[in-house]
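**Q** Single-letter residue listing:
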Amino acid sequence: MTFELNGLPTRTKKNRSSGITLAIDKGYSIRQTEDFLETSEPYTDIVKLGWGTSYVSTNLENKLAAYRNAGIPVYMGGTLFEICLLRNQLDDYLRYLDHHDIGFIEVSDGTIRLSQKRKLDLIADLCKNFTVLSEVGSKNPENILAPYQWVDMIKSELDAGAWKVICEARESGTVGMFLPNGEVRSELIEEITHHIPSNDLLFEAPQKDQQIWFLKKFGANANLANIAPNEVITLETLRLGLRGDTLFDFYIPQNGVGQPIK
Amino acid sequence: MTFELNGLPTRTKKNRSSGITLAIDKGYSIRQTEDFLETSEPYTDIVKLGWGTSYVSTNLENKLAAYRNAGIPVYMGGTLFEICLLRNQLDDYLRYLDHHDIGFIEVSDGTIRLSQKRKLDLIADLCKNFTVLSEVGSKNPENILAPYQWVDMIKSELDAGAWKVICEARESGTVGMFLPNGEVRSELIEEITHHIPSNDLLFEAPQKDQQIWFLKKFGANANLANIAPNEVITLETLRLGLRGDTLFDFYIPQNGVGQPIK
Amino acid sequence: MTFELNGLPTRTKKNRSSGITLAIDKGYSIRQTEDFLETSEPYTDIVKLGWGTSYVSTNLENKLAAYRNAGIPVYMGGTLFEICLLRNQLDDYLRYLDHHDIGFIEVSDGTIRLSQKRKLDLIADLCKNFTVLSEVGSKNPENILAPYQWVDMIKSELDAGAWKVICEARESGTVGMFLPNGEVRSELIEEITHHIPSNDLLFEAPQKDQQIWFLKKFGANANLANIAPNEVITLETLRLGLRGDTLFDFYIPQNGVGQPIK
Chain A
1 MTFELNGLPT
11 RTKKNRSSGI
21 TLAIDKGYSI
31 RQTEDFLETS
41 EPYTDIVKLG
51 WGTSYVSTNL
61 ENKLAAYRNA
71 GIPVYMGGTL
81 FEICLLRNQL
91 DDYLRYLDHH
101 DIGFIEVSDG
111 TIRLSQKRKL
121 DLIADLCKNF
131 TVLSEVGSKN
141 PENILAPYQW
151 VDMIKSELDA
161 GAWKVICEAR
171 ESGTVGMFLP
181 NGEVRSELIE
191 EITHHIPSND
201 LLFEAPQKDQ
211 QIWFLKKFGA
221 NANLANIAPN
231 EVITLETLRL
241 GLRGDTLFDF
251 YIPQNGVGQP
261 IK
Chain B
1001 MTFELNGLPT
1011 RTKKNRSSGI
1021 TLAIDKGYSI
1031 RQTEDFLETS
1041 EPYTDIVKLG
1051 WGTSYVSTNL
1061 ENKLAAYRNA
1071 GIPVYMGGTL
1081 FEICLLRNQL
1091 DDYLRYLDHH
1101 DIGFIEVSDG
1111 TIRLSQKRKL
1121 DLIADLCKNF
1131 TVLSEVGSKN
1141 PENILAPYQW
1151 VDMIKSELDA
1161 GAWKVICEAR
1171 ESGTVGMFLP
1181 NGEVRSELIE
1191 EITHHIPSND
1201 LLFEAPQKDQ
1211 QIWFLKKFGA
1221 NANLANIAPN
1231 EVITLETLRL
1241 GLRGDTLFDF
1251 YIPQNGVGQP
1261 IK
Chain C
2001 MTFELNGLPT
2011 RTKKNRSSGI
2021 TLAIDKGYSI
2031 RQTEDFLETS
2041 EPYTDIVKLG
2051 WGTSYVSTNL
2061 ENKLAAYRNA
2071 GIPVYMGGTL
2081 FEICLLRNQL
2091 DDYLRYLDHH
2101 DIGFIEVSDG
2111 TIRLSQKRKL
2121 DLIADLCKNF
2131 TVLSEVGSKN
2141 PENILAPYQW
2151 VDMIKSELDA
2161 GAWKVICEAR
2171 ESGTVGMFLP
2181 NGEVRSELIE
2191 EITHHIPSND
2201 LLFEAPQKDQ
2211 QIWFLKKFGA
2221 NANLANIAPN
2231 EVITLETLRL
2241 GLRGDTLFDF
2251 YIPQNGVGQP
2261 IK
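Chains as they are written, first to last, in my numbering: chain A, 1 to 262; chain B, 1001 to 1262; chain C, 2001 to 2262.
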């Protein structure tokens, strides 16, 4: 039977270039992957195998196949890229991605130090063969970049060929765009998105309150990353105003917000 | 083989009217639902599909069937009721519940404002066809109701026909009966249960320390709601004194508590 | 294809006597157990069925069989031992373990009070038929033992026949070796491991920051306990320096840490 709620916000459809949900898989079994896809495939656009988890994975081939069969691009976390670069094993890494038919690559310097020139050269080079997600922001809570530095770096990386730029927060949501308590550095986001369209960005927002903040700021189709797979459904309800937190952000009743129903 | 511990508290059995555990499913796959039932069916009395998650569910029919086959009533979260009421789509919602053979309904105003008269009329009307769970308390941490208001509202809603009244806490356990840090507003619970039998209430208590507080206060068979499915086993051990936190609440050794075993 | 990172720390192999990961199962279904084993068997050395969860388990026989088939020893949490001792049902408990062919036993007094003499006698007696894990430290955050007491107790329990001694932290990581906020009582660990080889100990470290602390202190092959099953993969990446947090603890690049890559 049809049960259609009136006045829901319009969600983008796959393949989305905005309204993206990027989920982080940190070691699912094949069945867990299938279960995740059963419930969340329509709402999941990209999957990242977190940091170096793919290196210790016992089921990598089958897992990649499961995501591929569902039509969802999957890629390795940026830390694995950094680990390889640090060891002068970038060529090995690229062969590994090629062998596994991975079409996305993350170019990040959240842990290692990378000269800006090298980072931009890498992006320019890799975007010939990959969809490049580059990342800005440090995983070190004491490495605070000024807003103008974020803007400059993001612009340069988009110009160099990055498909979108990820704004760092980690799996925890306590660094980069966020204070150690998880609060959004809102003036930073204001500054960044004053200069750069929010659709060119992917905001890492693992915590529910962070997701809400971005949805209230940029609407139902904000690009959000580092979502725990078992929170993708919850995020989708937040996007549609189907949870208390965003209900009145995406639906204005006829007699106005805050008027009691008699 | 039989291994029976002496002196365990007496737990109520299904179908329970006290000692209820109400679990919140926020997007399980069918296999996850089956797994939950495998381990926790005897300890789970009611399942709520949290807020509007059922609306974005890809597996609703099969999931309802899984719970129904296990003999566990399942219903949609109160926020979905509020969303429909706000849109003047209550009739659509009732047809949807009827179509899915859902026998429980939650009547809440945690997010929307609803005149008391309308809420009581709705309860009185809906309890002709449904087992009504009504809910008192706001999801807005700044909307603090005085204890006498909780008592008045709960009494009126029971009188209007609610089977039991849910005391609000959200999935997080940080509003309604609780302070923003999750601590119980104990004087509020004292006041409410001075006037109303605790068995007419369902306390939302998602956090472990909150569950412990209610078990210490009302005993092994307190009615507890918003339990994460993967915490139902843990809750059952707390109810029976099989975890350190409540061990001495439900078992007094012969030589007294606090005496060392020689 | 082979993709081998250079310069990874050397991990011990099964059967490990150091580098142990002890996971805590608090109510998995059979399929969840199988899924956990699929991804994490090589990295999991011992499984504890937390506190009294085995007593309310609906699938105990099959679960024990699943772990046994994977070659992973499994045992019941120390609280169940304490519960039985308190009720004078130790004989029943031992028959229960024998019936289920459980080869490990935890001798703890985290919740009950047990005279030191009795505890040592029990360890000496039980180690004839079991691999004994004894545990030191209270689950009560107000019961703070002085460092010299930890050292004395651990030494005595190892002398009495304990295979290794577990240092208490609970599933939460907020008591015993840790402050209520989860911070390590580092001077306590210094004192303990000044007197006792860290390989004779199993550190309960459920929180990620705690795991990192022990890995930085004792290296990739620290013995860590109370790991959530779905965090074993993450822990393994921390052990190998495949996550930002420990990357530079286990790999020193040729041109030194902190030098930018040009």
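No lab work stands behind these hints, which were simulated from the structure alone.
It cannot be assumed that every hint is accurate.
Claimed, not checked - Here are the computed distance ranges between Cβ atoms for each label pair:
1) E41(A) <-> I1144(B): 40 to 46 Å
2) E41(A) <-> F2248(C): 52 to 58 Å
3) I144(A) <-> N1199(B): 18 to 24 Å
4) F1248(B) <-> E2004(C): 26 to 32 Å
5) E34(A) <-> N1006(B): 53 to 59 Å
6) G1182(B) <-> S18(A): 31 to 37 Å
7) I1144(B) <-> E2004(C): 30 to 36 Å
8) E142(A) <-> P2073(C): 19 to 25 Å
9) S2172(C) <-> G256(A): 42 to 48 Å
We treat Cβ as the ideally placed atom computed from N, Cα and C, and that holds for glycine.
**Q** Now tell me, hint by hint, if it's right for this structure.
**A** The hints, checked one at a time:
no., hint, in the structure
1, E41(A) <-> I1144(B): 40 to 46 Å, "42 Å, holds"
2, E41(A) <-> F2248(C): 52 to 58 Å, "38 Å, violated"
3, I144(A) <-> N1199(B): 18 to 24 Å, "54 Å, violated"
4, F1248(B) <-> E2004(C): 26 to 32 Å, "54 Å, violated"
5, E34(A) <-> N1006(B): 53 to 59 Å, "45 Å, violated"
6, G1182(B) <-> S18(A): 31 to 37 Å, "36 Å, holds"
7, I1144(B) <-> E2004(C): 30 to 36 Å, "60 Å, violated"
8, E142(A) <-> P2073(C): 19 to 25 Å, "42 Å, violated"
9, S2172(C) <-> G256(A): 42 to 48 Å, "45 Å, holds"
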